[in-house]
Amino acid sequence: MTSRLALVALATLETSAGPTGGFLAKEEVPGRANADSASINEAGAVTSAGTYFNINGKGDNYTYQYITDCYGRGPAGEPYHCPEGTWCQVESRMNWYPWDVSYMNRGRCLPYVQLNGACEPQFEGDDAWNQKALPRKANGEFFERPVLCAPELICTGETIHVLPSTCVKRRLPEAGCMSSAPFCAGRSPGDCPSSTKDMCVCPRLVNESAFEKNQSSCTQENKVTREKLEHCGSIFNSFNGPNFAFAYQSDHDQSFGSVGLPDDHNIAGGDTVEVKKLRLYRGLGEANFVIANRILQTLWPYPVCDSSTVNCTQFPLPVLLRDYDGELLGNYTDGRKADWMPEEGRGVTNYHCTWMILHTLSVNGKPLLSAEEQTAFHEAILYLSSQFDCKVCRSNIMDIIKFYGMPKGNLRSDYAWWFWRAHNHANEHTYATHSPSQQQIDQTTYLTPEDRRWDMWANAHYEHPWFMPHDVAMRMWNLEDL
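For reference, each letter of the sequence shown is one residue, going -17 to -1, 1 to 465 in mature numbering (1 follows the signal peptide of the UniProt record, and there is no 0).
Worth flagging that the hints you see were computed from the coordinates, not collected in a lab. Even for Gly, the Cβ is constructed at its ideal location relative to N, Cα and C. Errors might be hidden in some of the hints.
[Stated by the list, open to error] Below, simulated SDA-like cross-link-like pairs (lysine to any residue); rule was C-alpha separation at most 20 Å, straight line:
1) K374 <-> L304
2) K180 <-> F194
3) K211 <-> Y307
4) K196 <-> K211
5) K349 <-> V287
6) K391 <-> H453
7) K211 <-> L304
8) K320 <-> R305
9) K180 <-> E195
[Unchecked claim] Beta-carbon label-pair distances, calculated as ranges:
10) P172 <-> A443: 20 to 26 Å
11) R319 <-> G173: 24 to 30 Å
12) S171 <-> D322: 21 to 27 Å
13) G318 <-> G173: 22 to 28 Å
14) D438 <-> I50: 51 to 57 Å
15) A443 <-> D382: 14 to 20 Å
16) R128 <-> E433: 41 to 47 Å
17) D308 <-> A270: 16 to 22 Å
18) V293 <-> S177: 29 to 35 Å
With the hints as extra help, turn the sequences into a complete structure.
As structure tokens, this is what we get:
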């Protein structure tokens, strides 16, 4: 009973209008002539209202009262700032029981959700909305539930269909690519490309001192240029992934040689069948490099050469040679040596170049796509899903198409968003995400260089951040020299 009276006493405090239209509250308690009587024990109200003890590990406590309402303004006219480690949850509703402020919860401070906790996507792009004042959800509404990720984390939302909405670590592009030197995560010893030939792309402004201290794979050279994009185009138009497709004898088809599906889901887990590699074609009557060059030329962000153009790209781009396992051999199909390729770690360059092409072509250009450009993007996705030399990657692209469909319409941003989501899908599955880095190996006694490539399914732990925020990715892939 004492605590109830204490709560009633607190309800007499006056609040001013909040920054988004809060209301004035000055309640008179029925049956009491003086609600501010000294006989009311405010300490009891503090206890009964509920306190988050040590919310940030520093002993800072928070109790909801009118004067600690982070939505409104206290008696001094200044907004209440939530303690470190908490955020302001706004619930703009009228109190159904006006004599008990513990039910108000109009602007209460709540602890952030920590790593691997459930969440809702927050508004990205303006730090003030995320980590200060009044954070909002991605759709602009206030959070109804206490599910906001801590500032160093980000909510996956429905971006990754194999995961629920989860708070994960942000991937910092300034750190560079985890599969490149000095990290070399996911690469066996001797299979890490040199930093000048790994095709890792970083933001324009990077910290050179971090690179010198082996804390980043980024230098001022790790950016997209026309020459690099042309080199990566030669990798893109050399895909010959169907060498991995299977022909097999099934219970339904006793004739050996049945063609495997492009997404490689043709053999059920646990089955034992006789298999052999089989060359598979897209059925368009054209060679892969013809299809790929047409895609690239249609979407190319730099000037394409004609009789009068200078500083331009000459199509068709040459084709790189691969072996029957999809490994890049370092030469073009006409016998010329591709000096720009690394001697070791060409698989890393292959991966980085593929995403450089997809992001650069989808982020840069006119906001509205022509019919030819829309077709070219669809062709690029189908080309990846059936011809990419990474079997797991092909299956992943097929899963994304099945769950989310192909990008539609004529807005370039929608296609850029599609490839951003696909890349986060891919990074969630890569060896580099789930394997220790060289630094981790050097700093521990239980890891050896052979541990740089752990099985990505056996190790459920994420060794490195993998989720790149959309606005960060768009800034990173925007070509400033166009």
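**Asked** R128 and E433, beta-carbon distance inside 41 to 47 Å?
**Response** 45 Å, holds
**C-beta pair V293, S177: status relative to the range 29 to 35 Å that was hinted** = 31 Å, holds
**Straight-line alpha-carbon gap K349 to V287, limit 20 Å** = At roughly 16 Å apart (the allowed maximum being 20 Å), V287 and K349 satisfy the hint.
**Holds or violated: K320 to R305, with C-alpha atoms at most 20 Å apart** = 13 Å, holds
**Request:** Evaluate the given range 51 to 57 Å for the C-beta pair formed by D438 and I50.
**Result:** Check passed, 55 Å falls within 51 to 57 Å.
**Message:** K196 and K211 were given as a pair; does the straight-line alpha-carbon distance stay at or below 20 Å?
**Reply:** Roughly 26 Å between the alpha carbons, so the hint for K196 and K211 is violated.
**Request:** Take the C-beta atom of S171 and the C-beta atom of D322, compute their distance, and say whether it sits inside 21 to 27 Å.
**Result:** 24 Å, holds
**Request:** Sort out whether E195 lies within 20 Å of K180, counting only the CA atoms.
**Result:** Within the cut-off at roughly 17 Å; holds.
**Item:** CB-CB spacing for A443 and P172 relative to the 20 to 26 Å hint
**Value:** 24 Å, holds
**Prompt:** Is the gap between the beta carbons of G318 and G173 within 22 to 28 Å?
**Reply:** Given range 22 to 28 Å: holds, Cβ gap about 26 Å.
**Prompt:** Is K211 close enough to L304, meaning Cα to Cα at most 20 Å?
**Reply:** Roughly 18 Å between the alpha carbons, so the hint for K211 and L304 holds.
**Prompt:** For the pair supplied as a hint, K374 and L304, is the alpha-carbon distance within the 20 Å limit?
**Reply:** It holds: about 18 Å lies between the C-alpha atoms, which stays within 20 Å.
Of the numbered hints given earlier, the model fails hints 3, 4; all others are met.
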